[in-house]
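Below are the chains, spelled out letter by letter.
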Amino acid sequence: MTNYVQFVDTAKSFGPVNVVRKTSLGLDRNSLVVFLGPSGCGKTTLMRMVGGLDEPSSGSILLGGEKVVRPDRRRGMVFQSYSSFPWLTVEKNIAFGMRYRKDLDAAQKAERIGHYLDLFGLADFAGSYPNRISGGMRQRVAIARTLAAGSDVLLMDEPFGALDALTRERLQVELRQIQIREEKTVIFVTHDVEEAVFLADRIILFSRRPASVVADIDVAAELGPDRPLEIRETQKFFELRNKVLHLIRNETGVVV
Amino acid sequence: MKSLLASALSAALVLASSQLALSADQIRILAPTWLGFAPVHIASDLGCFTAKGLDVSIKFEDDLTNVMAAMARGDIEMQMRSVGEYQGRPRDASTPGIIIGTIDESVGGDGVITDDNIKSVADLKGKVVAAEPNIPSRLLLQMELKQAGLSLKDLQIKDIATADTGAVFVDPSIAAIATYEPFMSQALKASTRPGARMLISSKDHRGIIIDAIIARNDDFKANPDKYARFLGCIYEAVDFIKAEPAKFADMASKHFGLTPAEVTDIVNSSLSYTTLAESQAYMGKPGEKGTLHGIFDTVMELNLENGAADNKLVAADQIDNSAINKIPAK
Amino acid sequence: MVEFAVSVAAAVLVVALWELAARAGIIAPQFLPSPSRVVVALWTMLTEQNLIWHVAVSTARVWIAFLLAAIMAIPIGIMMSSYRIVGAALEPIIDFIRYLPVPALVPLSIIWFGVGEETKIFLLWLGTFFQLVLLVADDMRRVPQEFVEVARTVGANSRQVMTDVALRWMGPTLLDNLRITLGWCWTYLIIAEIVAADSGIGYVIWTARRFVKTPEVMAGVVVIGLIGLVTDQLLRLLHRRLFRYL
Chain A
1 MTNYVQFVDT AKSFGPVNVV RKTSLGLDRN SLVVFLGPSG CGKTTLMRMV
51 GGLDEPSSGS ILLGGEKVVR PDRRRGMVFQ SYSSFPWLTV EKNIAFGMRY
101 RKDLDAAQKA ERIGHYLDLF GLADFAGSYP NRISGGMRQR VAIARTLAAG
151 SDVLLMDEPF GALDALTRER LQVELRQIQI REEKTVIFVT HDVEEAVFLA
201 DRIILFSRRP ASVVADIDVA AELGPDRPLE IRETQKFFEL RNKVLHLIRN
251 ETGVVV
Chain B
1 MKSLLASALS AALVLASSQL ALSADQIRIL APTWLGFAPV HIASDLGCFT
51 AKGLDVSIKF EDDLTNVMAA MARGDIEMQM RSVGEYQGRP RDASTPGIII
101 GTIDESVGGD GVITDDNIKS VADLKGKVVA AEPNIPSRLL LQMELKQAGL
151 SLKDLQIKDI ATADTGAVFV DPSIAAIATY EPFMSQALKA STRPGARMLI
201 SSKDHRGIII DAIIARNDDF KANPDKYARF LGCIYEAVDF IKAEPAKFAD
251 MASKHFGLTP AEVTDIVNSS LSYTTLAESQ AYMGKPGEKG TLHGIFDTVM
301 ELNLENGAAD NKLVAADQID NSAINKIPAK
Chain C
1 MVEFAVSVAA AVLVVALWEL AARAGIIAPQ FLPSPSRVVV ALWTMLTEQN
51 LIWHVAVSTA RVWIAFLLAA IMAIPIGIMM SSYRIVGAAL EPIIDFIRYL
101 PVPALVPLSI IWFGVGEETK IFLLWLGTFF QLVLLVADDM RRVPQEFVEV
151 ARTVGANSRQ VMTDVALRWM GPTLLDNLRI TLGWCWTYLI IAEIVAADSG
201 IGYVIWTARR FVKTPEVMAG VVVIGLIGLV TDQLLRLLHR RLFRYL
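Protein chains in written order, with the numbering used here: chain A, 1 to 256; chain B, 1 to 330; chain C, 1 to 246.
So here's chain A without its partners, still in its complex pose (with noise of 0.2 Å):
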C-alpha cells in the first residue's frame, strides 16, 4: 500500500521557534524508511508526529487515510535510551506492550511473549532485568516490547545510536530481517549514514532546522529488499553510501 503514512502540510513549530516546514510526504507500508539529516534538525519532532507524541502546528498526518490524533498501539517507539522498564524483567517489558490490551486473553499473550522471547533469543534472560542484560539486549527487549503491542507501526529514534559498533551491525541485520518477516512498516531516525544505507529501502534527508525535504533516495531500487552484512563491502553500497554523504555536505553545508 502506497501513501500508508502521509503527511500532509504538516508543519510544527514549538513558541517561535520552526521545527519543521511545511512538509508533505508519502510513506508505503511494509517499508523501511530512514529520516536522516543533521542532530537537532527536526526529523525526530516529524517523527514522533506520526506517533502522535508530538501534535503538527498546521496541516496532518495520516496513517492508512485516518488522521493521527493521539498515541495508540499502532504505532509504537523505540528510544535510545530509557527503551525498557528497569523494574520489570525482560519476559514482562515484552508483556507491559499487551498490558492494555483487552482483545487477547492470558493464554493468547503468553504465547506471544513466548514467540518474541524466541524470535529475539531473550528465551534464557526472559527472567533478568534490564540493568542486568546487554544494551543490545535491552533494545531487542524494546523492539520486541513494540512488536507484541501489535504495533504496525514502528517509529525509532536512533534506537543503536548508544551501542557499540559490532552490536549495532547485529541489530541492523536482525532489524532488517524481523521487519520484512513480520511485514512492518518503520520509521528510522538517525544520523549515521552508513546506518542509513544499509537499512533504508529509502532515505528522506532533511535539512538544518527547520527541517525540510532535501532529498528522497530510493535505497531499495538500488540494493534491493535482503541486507546481508556483505553487502556493506559491495561497490553498489560504497557508492550509494557516498552519493548520500555528497548531498549531506552540499544540500546542508553539514559535515555529519
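Treat the hints as calculated values from the structure; they're not laboratory data. Honestly, I wouldn't trust all of these hints.
[As the list claims (entries may be wrong)] Footprint (simulated), chain B over chain C, 3 or more residues, beta carbon under 8 Å:
#1 71–78
#2 109–116
#3 208–222
#4 231–237
[As the list claims (entries may be wrong)] Far from chain A, some chain C residues (derived; all Cβ distances over 12 Å):
#5 28
#6 84
#7 135
For clarity, every value in this text was computed on a predicted model and none was experimentally measured. Every residue, glycine too, gets a C-beta built ideally from N, C-alpha and C.
Got chain A sorted already, so can you dock chains B and C onto it with the hints?
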C-alpha cells in the same frame, strides 16, 4: 515484648482519648515544668479532686505565649504562673485570665549569680548581664538596681535561654546572669570562676515572686463553686506537703522524673507552698484588697519599665478573691 | 562483614573517647556526663519512669504525622509536576512555608488546633510535609519522558501512566526521600512535645533538662538516635527487598 505491646497500646489509647468532651467539672491546667505546681499532682494523687467531683488534668507548658493562645481558644480553664510573668506581653485588660489564688512563692528559687569582680549591684553598671526576657529574677535585679540608683538600661543585657545558664556562665565576658533553680545552683557548682555566688536571691525578697492560680474568666464566672472546690483541694495538698514531707517527695518524684531526694532538695532550697491562710492574706478578705494587690502594682511598674509588659493592668480587675474566701477554714 | 566490624569499632571508639573525656573532668559533668552514667540513667528511666511508654507515644505521634504528610505530599507533589498550573500555584507558597521556623508557628497552631494531640501532630506534620512535597515533585519531574511515551503508545491512559510507570520509576527515590523526611520528623519531636506536654520522649527530655538531669537528657537523645538507626536500617532493608532490580 508483652510490656512493649501493652505500652504501645496504652499510648494509642492516650492519643485517642485525649480529646474527650468537656464536662462542667473539668479543669485543664497548663503550668511551667516546675515543682512549685506539685500541689496539683498531690491533690490528684490524694483523691481530693475525685472526691469533690472534679476532673482535673495538668500539662506542662513553659512558653507563656502558648499558654495564652490555649486559654484564648478555650482549651484550658486554668494556668499557673508567677504574677510578673502573667503581666507580660501581649496581655491587656481583655486577655482572658484572673488570679483566684496563690500556690507557692519563690524562696531562693530565683536570683542573680556573679563572681568576685562584682561586689554589689552597683558594680554591674556597664557590664554584660545575661537573662531570659520576662523571668522573675530580672525583676529582682531591676528592683535592686533601682535601689542603687540604676536601671536595666545601665547594663548590657544579653538574652539567653535559662537552661543554658551553666554554659553561659563559663564565658568570662558575662558579668552576671539572672536565672532560676536548678540551673542557678548547677551553674555555681560547675563554675571555676573565683567567688562564684548568688548576688541577689528571691530569699531576700519574699512576696515579690509569687506563683498565682489563674482561671479563665468566663468559666470562673459560670462555675465559681468549681474553683472554690479546686482551691480547697490545693490547700489541703499544701497542708499534706508540710505535714508529710517525705511522703510528698516520694509522690512528687514520679510526676517530675526526679528522685525523692532531688525533690526535697529543690523544694527546700527554692520555694515555699502557700497555705490557705497565707494565700488568703495575699488575696484579701471579700471586698478588700490583700497584700498581692500591692505586689501586683509594684511588679506591674517594673514590667512596664523594662518593657516586658505593654499595658498597665489594674490589680482589682485581675485579682478575684471570692473563691478563696468560700473555702471553710479548718 | 568488614564494614560491619568497622562500624562497630568506630562506634566503640567514639563512646570510649567520650567516657575518657568525661572521666578526665575536662568538661563539667553537668554538661557532658560519661556514657556509663547515661546508661545508668537509661536503665532507671526504663525501669522506673515508664520510658517504653513514652517512646511508644512519641513513635505513634511521629508515624501518624509522617504518614499524614506522605499521604498528602505524594499526590500533591505529583500534581505539581504533572499540571503546570498546580505547580505555579503551590510551589511559591510551599517554598515560603518550608523556610518558616516551626517553633515560631507554635502559638498559631495552638489557636488552630488547641493543646491536644492535634497540635503535636500538626507541628510534626509541618516539619515534614513541605519538604516532602517538593522532593516528590522533583522525583516526578525526573520520570523519563521516554517511559511515559512508551506507555502511551501501548495504550495506557493517564492514570495507568501514573500507576504503572511514574510511580514505579519513582519508587526507589520516593522510599529514600520518605526515609530521610521521617528522620526530619523525629527532629521536630522536642518542639512538638514540649507544647502542653505530659507524655512522649520529647517531654521526658525537656523535663530532665528543666531539672538539669543531664544524663537523663543524654539518655533520651540516645534513645531517639537508636530509634532513628533502627528505623533507617529497616527502611533500607525494605528498599533492598522492594527494588531488587536496582
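Each hint, compared with the structure:
1. 71–78: Since three or more residues must qualify, the claim that chain B covers the segment 71–78 of chain C is violated, with 0 doing so at under 8 Å.
2. 109–116: holds (count 5)
3. 208–222: Since 7 is at least three, the answer is holds.
4. 231–237: Coverage by chain B is violated for the segment 231–237 of chain C (0 residues, Cβ < 8 Å).
5. 28: Check passes; 56 Å lies beyond 12 Å.
6. 84: holds, 14 Å
7. 135: holds, 20 Å
Consistency with the previously given hints fails for numbers 1 and 4, ordered from lowest to highest.
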